[in-house]
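If you read the sequences in order, they're chains A, B, C, D and E. No gaps in the numbering here: position 339 of the first sequence is 338 in numbering that gives the first Met the number 0, and each next residue is one more. No gaps in the numbering here: position 119 of the second sequence is 118 in numbering that gives the first Met the number 0, and each next residue is one more. No gaps in the numbering here: position 277 of the third sequence is 276 in numbering that gives the first Met the number 0, and each next residue is one more. No gaps in the numbering here: position 70 of the fourth sequence is 69 in numbering that gives the first Met the number 0, and each next residue is one more. No gaps in the numbering here: position 171 of the fifth sequence is 170 in numbering that gives the first Met the number 0, and each next residue is one more.
You may find that some hints are simply not true.
Because identical chains share one entry, a pair is satisfied inside a single copy or across any pair of copies.
List of simulated lysine-lysine pairs, BS3-like, C-alpha gap at most 25 Å [what the hints assert, rightly or not]:
no.: 1; residue 1: K354; residue 2: K213
no.: 2; residue 1: K165; residue 2: K332
no.: 3; residue 1: K213; residue 2: K294
no.: 4; residue 1: K106; residue 2: K140
no.: 5; residue 1: K106; residue 2: K245
no.: 6; residue 1: K354; residue 2: K163
no.: 7; residue 1: K83; residue 2: K165
no.: 8; residue 1: K356; residue 2: K165
no.: 9; residue 1: K86; residue 2: K165
no.: 10; residue 1: K83; residue 2: K106
no.: 11; residue 1: K106; residue 2: K356
no.: 12; residue 1: K213; residue 2: K356
no.: 13; residue 1: K354; residue 2: K294
no.: 14; residue 1: K294; residue 2: K332
no.: 15; residue 1: K111; residue 2: K163
no.: 16; residue 1: K86; residue 2: K300
no.: 17; residue 1: K163; residue 2: K300
no.: 18; residue 1: K111; residue 2: K86
no.: 19; residue 1: K294; residue 2: K163
no.: 20; residue 1: K111; residue 2: K300
To be clear, the hints were calculated from the coordinates, so they are not data collected in a lab.
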Amino acid sequence: MAKHRRYFLKRPKSTTSLNQAPGTVTYVGRKEKAETTLEVIDYNADFYERYISTTPEDAFKFEEEDRVTWFNLDGLSNTTEIEKVGKYYELHPLIIEDIVNTNQRPKIDEHKDYYYIVAKMLYRRADGHLENEHISMVLGKNYVLTFQEAGGDVFDGVRERLAKGKGRIRSRGADYLVFALLDAIVDHYFIVVDEISDRIEALEEMLITAEPHKDTTLEIQELKRTMLRIRRAVFPLREVVSRLEKGNQGLIHENTINYIRDLYDHMIQVSENIEIYREMTWGLMDMYMTTISHKMNEVMKVLTIMASIFIPLTFLAGVYGMNFENMPELEWKYGYPAVWLVMLVLFIGMMLYFKRKRWL
Amino acid sequence: MAKHRRYFLKRPKSTTSLNQAPGTVTYVGRKEKAETTLEVIDYNADFYERYISTTPEDAFKFEEEDRVTWFNLDGLSNTTEIEKVGKYYELHPLIIEDIVNTNQRPKIDEHKDYYYIVAKMLYRRADGHLENEHISMVLGKNYVLTFQEAGGDVFDGVRERLAKGKGRIRSRGADYLVFALLDAIVDHYFIVVDEISDRIEALEEMLITAEPHKDTTLEIQELKRTMLRIRRAVFPLREVVSRLEKGNQGLIHENTINYIRDLYDHMIQVSENIEIYREMTWGLMDMYMTTISHKMNEVMKVLTIMASIFIPLTFLAGVYGMNFENMPELEWKYGYPAVWLVMLVLFIGMMLYFKRKRWL
Amino acid sequence: MAKHRRYFLKRPKSTTSLNQAPGTVTYVGRKEKAETTLEVIDYNADFYERYISTTPEDAFKFEEEDRVTWFNLDGLSNTTEIEKVGKYYELHPLIIEDIVNTNQRPKIDEHKDYYYIVAKMLYRRADGHLENEHISMVLGKNYVLTFQEAGGDVFDGVRERLAKGKGRIRSRGADYLVFALLDAIVDHYFIVVDEISDRIEALEEMLITAEPHKDTTLEIQELKRTMLRIRRAVFPLREVVSRLEKGNQGLIHENTINYIRDLYDHMIQVSENIEIYREMTWGLMDMYMTTISHKMNEVMKVLTIMASIFIPLTFLAGVYGMNFENMPELEWKYGYPAVWLVMLVLFIGMMLYFKRKRWL
Amino acid sequence: MAKHRRYFLKRPKSTTSLNQAPGTVTYVGRKEKAETTLEVIDYNADFYERYISTTPEDAFKFEEEDRVTWFNLDGLSNTTEIEKVGKYYELHPLIIEDIVNTNQRPKIDEHKDYYYIVAKMLYRRADGHLENEHISMVLGKNYVLTFQEAGGDVFDGVRERLAKGKGRIRSRGADYLVFALLDAIVDHYFIVVDEISDRIEALEEMLITAEPHKDTTLEIQELKRTMLRIRRAVFPLREVVSRLEKGNQGLIHENTINYIRDLYDHMIQVSENIEIYREMTWGLMDMYMTTISHKMNEVMKVLTIMASIFIPLTFLAGVYGMNFENMPELEWKYGYPAVWLVMLVLFIGMMLYFKRKRWL
Amino acid sequence: MAKHRRYFLKRPKSTTSLNQAPGTVTYVGRKEKAETTLEVIDYNADFYERYISTTPEDAFKFEEEDRVTWFNLDGLSNTTEIEKVGKYYELHPLIIEDIVNTNQRPKIDEHKDYYYIVAKMLYRRADGHLENEHISMVLGKNYVLTFQEAGGDVFDGVRERLAKGKGRIRSRGADYLVFALLDAIVDHYFIVVDEISDRIEALEEMLITAEPHKDTTLEIQELKRTMLRIRRAVFPLREVVSRLEKGNQGLIHENTINYIRDLYDHMIQVSENIEIYREMTWGLMDMYMTTISHKMNEVMKVLTIMASIFIPLTFLAGVYGMNFENMPELEWKYGYPAVWLVMLVLFIGMMLYFKRKRWL
């Protein structure tokens, strides 16, 4: 199974901080990813600048009123840096807690001056593993903050369009940037779901042609679990996008609404795909079961045919191997060939019987 | 399975254009169908004319105020032509994107001057394959635009009625034309679903009478998938038709509403059929499983009967094949026929036992 | 299975009239039932008359203002006759189309002067086959029109009560007649569902006591399909009855409402029964499966016991059947009985072993 | 299965009265229970009297304005007596019909002067059978009528509290009495559902420890059916209780509402239990299936081990039982012990092989 | 199974008090836990005091207007003490009944001066058993009452924060304390559900690697039951938290609402986890089934290979063990080696056949 492991989503370790006051900012995700990096992109239709920094203080100073600022932070383990950002942008303490709580499900919180959005990025890392990365976004009047669990994301296309001024992204506001980011996330859902679909079809093919292996049942179970986890990452985002569409007009411009409606359509589409592949996954176990039964049937037929043909013949040979003094057949001149003849007739009779039963 | 392959719907390859700006008009469907053809039908109660063209510019000039114009475009890979049409009819850029996005699910967008409708045509091609073709319609005041993925559709009946002036179609407006087109699409759903039903019943019959083949399980799985895909193509159209019925009275005339209500009834009917056949498809795997078990049971009975009868007899023959010096039975005059008698009794006894157990 | 075939509902052949204008009146039901007969019953509290005619024109003249007229038409293949009736009673063209469309699901259309109701009669014909007959009703101010697919129905009780003046039916209006007809239809649903239930219980009993037959799995599948079809015929009628109850007071008198509410209760009851028996039907396949496995288990035990006992004994006999020159046992005086003793001990030992395992 | 039969609910024989006018009062329940007895309890805080009568006329005269009268009738086959009661209390004819229609599902009808409530009592009779008894209640201003299918009910606790003046029941009105009766019914639901739960757990234990018996599958199927019937008897009562809680304040006093709300909580609780045990029942069949497979696996292992060990040894013995003239081994001095040695090595080798496979 | 027993939730014995007046205060929980202890914590931002008492009268005197009082009672069997508390705080009699009714499902009752909340604590006791403990809370203006079934709870973290003045808990009101208590309960749900998830994964691993044991099916069934019971304990609490969030602003301060909303998010999250693991549990039985079938397949292959190879060889040996006088082969010089050669060829042929079938 090892080589297919990369198709599966692991359960996030919810190292819930028991006996701790609510609102305490504690990072519960993977500890190994310690680096925090800050990336700031400042742009409008005519201007584009990008800074990489390690302290938020450096980043804040680049902001200008007439530009859109995308502030992207990678790595959530350094909670003090995140709290600084929170303080600068006047975010609610519970939002800071949710930013670092990688178990938080997708949601949208509508505050007076900003929206807070949680989503999950599903994508394949360079090492081939399927990643389920927690991402928080804050959409303000002319800024977008994004907080990612670790480096590596699905936004390279957005960065490129910003840098090269391709499409309408540079001439639109912060709301359009959030749409573009969500759109990139949803596009990757399609890719992940399609990969799962390919894997299901490969498994179906394998179940028919190859000898079933006992790991297969574990892989199918793992696939079910992965489908359930993907569903859980994707489905709540529908509600988020739907609320964005209907939301406060001050933050979302009217001509962005159409794009968000389109995004919602994509969400429905990917959700339907997930449901279809989930049903197919459940069918896999039935399929495996019938395949095993089918193979056992074949095994049994071979045994039955061999045994049914040779057991009576062996019996006959046994009879004439008895040592009775008075066995007239033994002294017949053609007794031996006669027995061979009888055996041949029996053999052909059995063969015809099995042929007629279509076991051969 | 090869010969039944035509019953199945393939997964559309969603070659999602990653890292591309939203709103970019990119055709994602089958690349091999490159030809774009334009067909314009201009009619009113007294007038009928039909043009075939290859450039939209030619087509536009035939329009007249007091006639209904049906503008039909086959082949979506030439995106520039489609953009020209969009510009001429002042369609929103996102509509142009949806027209060429063959993965778009059925929906209706209500704009101020027109309705935009997406549907899926299910029909059987001349080569026998089941087709799931993306179609977009735009219903304006006195025009209907249809954009099809490829040549070949389900509208020949409508074309004929238009040409010959049969029924009420020529004396009605553009809204009735859209109804007639949707009606033709839904009529073909019934045909496809009935074919699936026939295939299910044929499979059931085969599972009972013929020897189960290992491809059967793959075919059943494929059938499930096809049912799920048909469902996905058909179900959202219910919502579309229902919204048309309740929609803006400016575009839909009151006396067309009754026909649309009737169409809605048909949608419900075909949806119910789909659900029934979907349940039956799920039952197929169970049925296959019991059939295999049933057959294995028969195989086992043959083996058990043969073995149970001949193993004791062979043992007996083996006993009198032993070479002990002192075996009095061997010297008896009727020892040999006596052993045959004993064997016969054993044989008959076993036969009666299995008869009583109803294994014979 | 042949003899149980009468329990099943066949799929209605939906010979959908492709490429035909909507609203075209085309009969799509069984072609063999060609005769159209007309039955008119005119009554009030003091008067009762019944005519049989073959042309609608004859029937129309018997109507009187102060009586209720029940106009019943059997056989839908003669569409011109039906169109005449439609014209006389000023029915919408789409209603005429639905009257002859035997695939139309139960529904109610509320028009200004009349209600149009579609239902399905489930009953057993004289030849024992389960019938699913399409029936349309039109309820006007003082008349009721019923259009049946073929002769034979579930209304004999209503006819008798009308003829003999039993109950309150003669002193009530047309609305009560419609209620009485629907009530007769629903009463027969109970009978059909109870028969199905009896069949399920008989199958369960058979699965346990008798040898499973391979047609049984086909019968169970057929039973599932029948349950799904009955459900489809019955469930939408709940909505119809519920809308009648809440409907336009001009056509339904207030004191009839209570009866209709009672009818609705019956609809819910029969729906619940259908759901229960549907679940039981799904359980049948599992039950069949376990029964087969159980029987296979028994077969295997017999084989295993026979083989395990005699194979070692035969081996022993084989050993002393070897022809080595130097086999001291063969020359022992009691060698032969000693071998028999050893065999007996082995035999008893194996028997005890299987007894302890409770396989005997 | 005989001894567990008492756990199951039988299907009520719905001897629906076909071809009969609606509103005809016909008893459709069990015919054997013919006796009709009347019990009247008249009480207020200071007064308590109880009469047993056989004619309603005797009972009516005991009523007084300032007391609550509980009029309880056992046995519904004598429909004329019930019609007399109906006339005296001015009940709607359809209510009389529902009182004797033992197939009527739980419901509440709100009339101007009274409530009509239908419920089902589930309890165990003295002979151990599970009873599903139809009960109707009429709640008037200062009277409660109850109509039971047969003698024996779940109200002995209520009768005792009334007689001894325990609790608040004597000082409250007729509405509290109805609450107390419903409360007694619901309390017995808990008992019945807990018994079912015990039976399920006993079955689970048995499936593991004992040899599966072929009746077990029938019992599981019967258990499923019983769960479905209990569900059908219990679930609609939730709606009844919920409507009582929100109902007409004239009949239900405000301080009784809290008690009814509590009753509703109990209804939800028992419904949840039913759903849980229903799911567990469905799991039983799977469990049975795996158990049978498990046992078959064991049987097969014994066969395979015995056959695999002795078949090669028997072959070897057969070889040296051949009668070739030129077989040098037969004349070797240690040929015979050498063969035994080879056989022993083979035997040990096979044993080790099966040990390593963990089949021993 | 014994060692995994601690993962399971037992069914609470609902010793429903039949034939008893509603509102009677009867403890229905475990009888063995008799001790009632009272713990009172009185605090505000500057003050903290904690008393342990055994009589409520002692406890009441410590209360002060400007402090929050948390009154915690362990052990519900001493109903008279609880009634005293109820009287002192003027609780409705039905609330007292619900406090001791350990079968009561989670709910919230909104009274004029206080909220009454029922919840279930799921946690692991020191002895390793999973506990499902009934807890009632009353939230008043400046007091919180909690009634627990037994000593031991999930509130040690809250007690510590209160004692040490950590976090904001000391400076907030009674509403925040209730939030903190519910938050502690929900945090433990996560832990319990994660443990279940670990157990499921361990079972999956075991089903693949180890020999299936017949207790496994019982454990899976028990796991299903536990999932259903956890669901039943957890799901209704969502409604409780949601109603708290929307509730009467007099008792819940506006700045606590945000925290409760966060709690609601956690409830949804844990509910989703429960649903996922419930689906996985259902998959376990299928997995077990395929594993058994897989193993049986292997067993059958060994048998079939052994039998198919040696049965024909033994037959051949049997033939040359016959005692016919006239068997020319027996006298051939190389007859014996020739037979060995034939046997070798047969052996190799069979081996190749099974290799090609991939059974070896």
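So, going through the hints one by one against the coordinates:
Taking the shortest Cα distances, K354 and K213 sit within 25 Å of each other only across copies (19 Å), while inside one copy they are farther apart (33 Å). For the homomeric pair K165 and K332, neither the shortest alpha-carbon distance inside one copy (103 Å) nor that between copies (95 Å) is at most 25 Å. In this homomeric assembly, K213 and K294 come within 25 Å of each other (Cα to Cα) both inside a single copy, at 14 Å, and across copies, at 9 Å. When the C-alpha separation of K106 and K140 is checked against a cutoff of 25 Å, the pair qualifies only within one copy, where the shortest distance is 20 Å, while the shortest distance between copies is 33 Å.
In the homo-oligomer, the alpha carbons of K106 and K245 lie at most 25 Å apart both inside one protomer (15 Å) and across protomers (19 Å), since each shortest distance falls under that limit. In the homo-oligomer, the alpha carbons of K354 and K163 never lie at most 25 Å apart, since the shortest distance is 74 Å inside one protomer and 62 Å across protomers. Taking CA atoms no more than 25 Å apart as the test, K83 paired with K165 passes between copies only; the shortest distance there is 22 Å, against 33 Å inside one copy. For a Cα distance limit of 25 Å, the shortest separation of K356 from K165 qualifies neither inside one copy, at 71 Å, nor across copies, at 59 Å.
Taking the shortest Cα distances, K86 and K165 sit within 25 Å of each other only across copies (21 Å), while inside one copy they are farther apart (34 Å). Taking the closest pair of Cα atoms, K83 and K106 come within 25 Å of each other only inside a single copy of the chain (23 Å); across copies the shortest separation is 40 Å, beyond that limit. With identical chains, the CA atoms of K106 and K356 are never at most 25 Å apart, being 63 Å at best within one copy and 52 Å at best between copies. For a Cα distance limit of 25 Å, the shortest separation of K213 from K356 across copies, 15 Å, qualifies, whereas the shortest one inside one copy, 32 Å, does not.
Taking the shortest alpha-carbon separations for K354 and K294, both the intra-copy value of 19 Å and the inter-copy value of 15 Å come in at or below 25 Å. Proximity of K294 and K332 under a CA criterion of 25 Å is satisfied in neither setting, with 48 Å inside one chain copy and 46 Å between copies. In this assembly of identical chains, the alpha carbons of K111 and K163 never lie at most 25 Å apart, being 33 Å within a copy and 35 Å across copies at closest. For the identical chains of this complex, K86 and K300 are neighbours neither inside a copy (76 Å) nor across copies (70 Å), given an alpha-carbon limit of 25 Å.
Proximity of K163 and K300 under a CA criterion of 25 Å is satisfied in neither setting, with 69 Å inside one chain copy and 65 Å between copies. In this homomeric assembly, K111 and K86 come within 25 Å of each other (Cα to Cα) only inside a single copy, at 16 Å, whereas the closest approach across copies is 39 Å. Neither within a single protomer nor between protomers do K294 and K163 lie at most 25 Å apart by alpha-carbon distance, with minima of 59 Å and 61 Å respectively. In this homomeric assembly, K111 and K300 never come within 25 Å of each other (Cα to Cα): the closest approach is 74 Å inside a single copy and 71 Å across copies.
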